[in-house]
Amino acid sequence: AQTVTQSQPEMSVQEAETVTLSCTYDTSESDYYLFWYKQPPSRQMILVIRQEAYKQQNATENRFSVNFQKAAKSFSLKISDSQLGDAAMYFCAYRSPPTQGAQKLVFGQGTRLTINP
Amino acid sequence: DAGVTQSPTHLIKTRGQQVTLRCSPKSGHDTVSWYQQALGQGPQFIFQYYEEEERQRGNFPDRFSGHQFPNYSSELNVNALLLGDSALYLCASSLGYRANTGELFFGEGSRLTVL
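Line by line, the protein sequences are chains A and B. Here the first sequence stands for residues 1022 to 1138, numbered as in our numbering. Here the second sequence stands for residues 153 to 267, numbered as in our numbering.
Watch out, some of these pointers could steer you wrong.
Unchecked claim - Chain B residues, not near chain A, derived (Cβ > 10 Å throughout): (1) 159; (2) 160; (3) 163; (4) 165; (5) 166; (6) 172; (7) 174; (8) 195; (9) 204; (10) 217; (11) 227; (12) 229; (13) 234; (14) 259; (15) 265; (16) 267.
To be verified - Reference excerpt, derived from the structure (chain A facing chain B, CB under 10 Å, subset only): (17) 1033; (18) 1066; (19) 1068; (20) 1128.
If you are wondering where the hints come from, they were derived from the structure by calculation, not from laboratory data. Positions of the beta carbon are idealized from the N, C-alpha and C atoms, including for glycine.
Can you make the complete structure from the sequences, with help from the hints?
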């Protein structure tokens, strides 16, 4: 079974600075998807960024980028120019390839990010 | 375009009771998944419904059951409630059982408290 580990329960960063959230995972599959989701106090999970394992290029979405190290099974999220609205719980998640059918996500324990003004 | 909607947003039950939570998927989506998120933890997969059938199930007892209706909406039922069932229950929808996009759209959840 796949597992996802986030070793940083809490992180804080000054507004406008850069922060990196860590995630490692364990799988025997060669093809899969990795995600970072953000959960603000409103509770709704919002997709931040997605990475397909077969793509060597790291995904980027505006101020958010990932460092995907497939051999090391590491998937970190970098937030540049942090903004107050980035404060939230961040979850790393794994999904098996679509050929396996169901779109079950396996989540890590989460990292609470605080932005200091 | 309405996103995923869940009801009720909050509810309180006592041990041994039964509860039904409801979910309407994002417009155009046909697949619904349910997750349980205990306080301070990441969500855990309960089950997924497509074409009115349960397609995959996580490590949850039979007290957890579900249903999907022809309009793709879904219900999660929990019988014989235990204190440990207190959690945020999230519904997520997507298009296509074997779709490649991998993106799930989540609702804001139903907060269940069992006393």
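Q: Report the numbers of all earlier hints that the structure fails to satisfy, in ascending order.
A: 8, 14 and 17
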